[in-house]
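Trainee: The chain contents come next:
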Amino acid sequence: MDETGSSDVLARYEPLVDDVEAFRAACRRPLPSAVRVNTLRTTVERAPRALNAEGIDHERVAWHPHLLKLDGQSGANWPYVQGWLHGQEEVSALPARVLDPDPGQRVWDACAAPGSKTTQLAALMDDRGLVVATDDNLGRLSALRSNTERLGATSVAVTNEDARVHSLSPFGEEPYDRALVDVPCSCEGTVRKNPDTLAEWTLEHVLGIAGAQKGILRRAVQATRPGGTVVYSTCTFAPEENEGVLDYVLDEEPCRLVEFDLPLASSPGVTGWEGEEFDPSVARARRIYPHQNDTGGFFCAKLEVTG
Amino acid sequence: MGEHERDDSEDEDGTGESPTNDGHRFDRLPATAEERVVPDRPTRREVLDWWDERFGVEPVVFDSHTFWERGDGKIWAFREELATPVEIEALGMTFLRTRQEHWKPTMAAIQRFGEHATRNVVHLDRERAAEFLAGRDQELDWDGDWGYLVVTHDLAGRPEPLGVGLYVYGELRSQVPKGRRRDLDG
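In order, the protein sequences belong to chains W and Z. Terminal number for the first sequence in our numbering: 307, no gaps in between. Terminal number for the second sequence in our numbering: 493, no gaps in between.
Keep in mind that the hints were calculated from the coordinates and are not lab data.
BS3-like mimics (lysine-lysine), calculated; alpha carbons at most 30 Å apart, straight line: (1) W:LYS69 with W:LYS193; (2) W:LYS69 with Z:LYS485; (3) Z:LYS485 with W:LYS193.
Going by beta-carbon spacing under 8 Å, a handful of chain W positions derived as facing chain Z: (4) ARG46; (5) ALA50; (6) GLY83; (7) ARG128; (8) LEU130; (9) LEU141; (10) SER146; (11) THR154; (12) THR159; (13) ASN160; (14) PHE171.
Cβ coordinates follow ideal geometry from the N, Cα and C atoms, glycine included.
Using the sequences and the accompanying hints, generate a full structural model.
Mentor: Below is the structure:
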């Protein structure tokens, strides 16, 4: 399996997976490209018509009315230019749906670039309310800016800062109703798109980035009003970056994990890993393995701020 | 309308160099001239009037948007109220350039609000729209005003606002910013 000569990272997760062979096989298959229909600009009826007129084959994704699987690249066609489409992998469309913001709310996207989820949040809110999009990387923010412009979102305010010390002062010091914490991670779940991901994997990186993830999720809980919702997500299988981060923040901040429905097959969060026991409520988080729905890998948790 | 300088340097994200001391923060446009503090800063009233006069876009279209300036004459549209000034990277969408004598809407603003335009709108067929999107100029029969036009084309059976063209001397000059140009087959 290991053509790169690197250590076999995925073997580490075999004890967590129900069907090891299917998991391995799915991770080897390339992922088809998908696009999200931008409802700020068009409808789920008109976008496929435009693709048909261009002769671009596409297929609806069963679980999400705004997602289409495409044949080939997503960026070089008229509906894309017109801001009707945005390239976005299937599982990447999940956390904004779980956050489920309403029009008029105040929402924070803590690790926002390149803006796929930011613009999805703005679309779910019908471009009404406030979406604060934060990223610490100016180059990636420039990609976010071109996406918000092309997709026609006017409710997005962009800040360039470390999310761990995010300041509410430009926004009247008022807490958010909702926060999306889709953190940078070791990205093992994107192996079907970027096979090199595993070659660059080290445990030191996982543990280091877990520290940053804890800080970002803590700040999100602090910046969200009591009764508000925080969604935490990654595209890694590593419990250190998933349940381990939740376990830490449950101890440090006033919040609890809540159950939620997913339109895709998934497995519960794991309550222990390599000798460490986590808070039992981390089982309310959901793990998505590539073989379960023929997607990328993903992790998603929904928290309610309690105080 | 006299000589026009093509603004190839337009950066739709507004992060390019800014010639004034306003370049690092957003200041809300004053509602009217009476409330103006910074000389030459356009007012909300002037911006609404300009869209109305130039393109027939009625002021009510912008009722939910606030207007902000960052840098000299770079106007942004934002779907919320915030206390002015705001020191962040971006606030809504780049919207309008008011530094030159002739004000110029951004491609993003035309795609977002151009459907409400009722005059100074030119409709291109697919072949011409492809030339326009590629950033190329083209000869055009146009009886209307010189200056900035809303360029539309048909997509999925209906006209859609695509971008900004500058009509001068019998020619439609594409104003599509470099980063958004594409060579698509007509």
